[in-house]
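The listed protein sequences derive, respectively, from chains L and W. Just so we're aligned, residue 1 is where the first sequence starts under the working numbering, counting upward by one. Just so we're aligned, residue 1 is where the second sequence starts under the working numbering, counting upward by one.
These are calculated hints, taken from the structure and not from any lab test. Fair warning: this is a prediction, and the values are worked out from it, not measured in the lab. Hints may contain errors.
DEER-style ranges, computed between Cβ atoms [said to hold, decoys possible]: (1) W/170 x L/55: 33 to 41 Å; (2) W/78 x L/123: 35 to 43 Å; (3) L/85 x W/124: 39 to 47 Å; (4) L/121 x W/166: 20 to 28 Å; (5) L/4 x W/178: 45 to 53 Å; (6) L/245 x W/70: 39 to 47 Å; (7) L/134 x W/63: 31 to 39 Å; (8) W/129 x L/57: 30 to 38 Å; (9) W/65 x L/57: 21 to 29 Å.
Beta carbons are placed, not taken as given, at the ideal position from N, Cα and C, and that holds for glycine.
What follows is each chain in one-letter form.
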Amino acid sequence: MNFANFAHGDFLALGAYLTFVFSAILGVHFIPASAIAVVITAFIAVCCDYAIWKPMREKSAGSLTLIIISIGLALFLRNLIIFLWGPDIKRYDLPVKRGIELGSVVITQNQIFVIMVAVICMFLVHYLLKRTTIGKAMRALSDNIDLAKASGIDVDRVIRYTWAIGMALAAVGGILYGLITNINPNMGWFMLLPMFAAVILGGIGSPYGAMVGGVVIGLAQELSTAILPTEYKQAVAFFILIVVLFIRPRGILGS
Amino acid sequence: MLLKLSDVVSGYTDMDIIRGVSLEVHKGEIVTIIGPNGSGKSTLMKTIFGLVRLRSGKIEFDGVDISRLRTDKIVRRGMAYVPQERNVFPSLTVMENLEMGAFIRKDKFREGLEEVLTIFPELKDKTGQKVGTMSGGEQKMVAIGRALVLKPTLLLLDEPSSGLSPKLIDNLFKKLVSINELGTSLMIVEQNAKKSLTVSHRGYVLEMGMKRFEGEGKSLLTNEEVKALYLGG
Ligand SMILES: Nc1ncnc2c1ncn2[C@@H]1O[C@H](COP(=O)(O)OP(=O)(O)OP(=O)(O)O)[C@@H](O)[C@H]1O
Ligand SMILES: [Mg+2]
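Start from the sequences, fold in the hints, and give me the full structure.
Put into structure tokens, the structure is as follows:
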């Protein structure tokens, strides 16, 4: 399972839409609604593993095949979202709260919440990968899948956990993104480019690299708006990417 | 009888690589398999361990037919395997590598860890080091240690001495003998045939996927034909 998952962004959107359904339509409080959405997204990811990825592993499909399948899955999910909830922009309809003034900048409570959740998620991922047996097995698998098999590790089970946790995190990302902007069927697709840029910048296959890459790309994009028109945000991300890859071809933390 | 292969046939593509091999390992034995490059020694080990599909024949381990058993089930029955190459998790620490060896029986890890560190005291001070940054000899200890954690009844070793200096090789074979004395039977594939046959109870010569010779370790070493063909005169 060594490929770039183009459906990642659409799982992100799915998480946001499911939260929208539970909170804005069914009237569940935002936090439990998000939790339900995250669990359902993870469940769908595991179903996809049974239906798509596991049979592909058994056929030893190459990464190009897997990428193309993931693009198909991405298109399917996006159009499913449009079919179910329409093409227009949605919001969670949360009560607007006053922002907090810090000198000349104003931070909304939602923004503080987003930052907190993101930091907590980072620590949880760190704990998972370094301290739990399943997390260590995930790293072992990405190191050497044949040896993992030869150690008696149930590789399929570890991969299912990886999908569940990975897509649960994607859902959290989508929910948070929806909180500070809005949700729309294309949000996943537009998030995919900066996400790939962050992963490549940090070093492919390195979870900590992805965290660093994410912060660098995010900061660079936002700070650039002070001197450049906002339309150039994407260009800034790729300019940084090119510069860093010139200096460190395997990314910031790549080995 | 610990391991018994009867007319085993296996391979990767349409072609058979292992073409009807019968052999056995008794409880407590060290058995060495030698043979020229490409004769199918590694393939034979992978077949036993369920990593290459068996086409026909039968493999019994500890009285149970394991011919079509999944690898993790074979590990549970008490067999372990150290591949010829790529036999460690380089980005994991020594401790984490050993932990992966006990993935299926976490409750047995503490006990097994102690035993591995008694056999390889060299690893004691390095449990936190990333294995990818270690020397070839140290990585070999980690690779064997990973396979030993659950105290297997049978350990398959594919060319354990490859890439080691003569001094390290002597040391390694001493360790293998002491592992055997602690109650683990060994099946070793070796290029270093003399050394390996010397410590072995019995040996087999494999050629083109078929058994050419078999016998006691010492008698193979003195067999004129084997000497001329496989031991470099
Ligand atoms: N993954 C594979 N796919 C297809 N053919 C393979 C594969 N691995 C090995 N072979 C072929 O199987 C034959 C036996 O290979 P094997 O590795 O078992 O030999 P060996 O006796 O272990 O050799 P060596 O002493 O060089 O390690 C070779 O002809 C090899 O090309
Ligand atoms: Mg070999």
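Here is what the structure says about each hint:
1. W/170 x L/55: 33 to 41 Å: 49 Å, violated
2. W/78 x L/123: 35 to 43 Å: Holds, since residue 78 of chain W and residue 123 of chain L (Cβ atoms, about 39 Å apart) stay within the stated range.
3. L/85 x W/124: 39 to 47 Å: Check failed, 59 Å falls outside 39 to 47 Å.
4. L/121 x W/166: 20 to 28 Å: Distance hint for residue 121 of chain L, residue 166 of chain W is violated at roughly 52 Å.
5. L/4 x W/178: 45 to 53 Å: 48 Å, holds
6. L/245 x W/70: 39 to 47 Å: 42 Å, holds
7. L/134 x W/63: 31 to 39 Å: Since residue 134 of chain L and residue 63 of chain W have Cβ atoms about 33 Å apart, the given range 31 to 39 Å holds.
8. W/129 x L/57: 30 to 38 Å: For residue 57 of chain L against residue 129 of chain W, whose Cβ atoms are near 32 Å apart, the range 30 to 38 Å holds.
9. W/65 x L/57: 21 to 29 Å: 26 Å, holds
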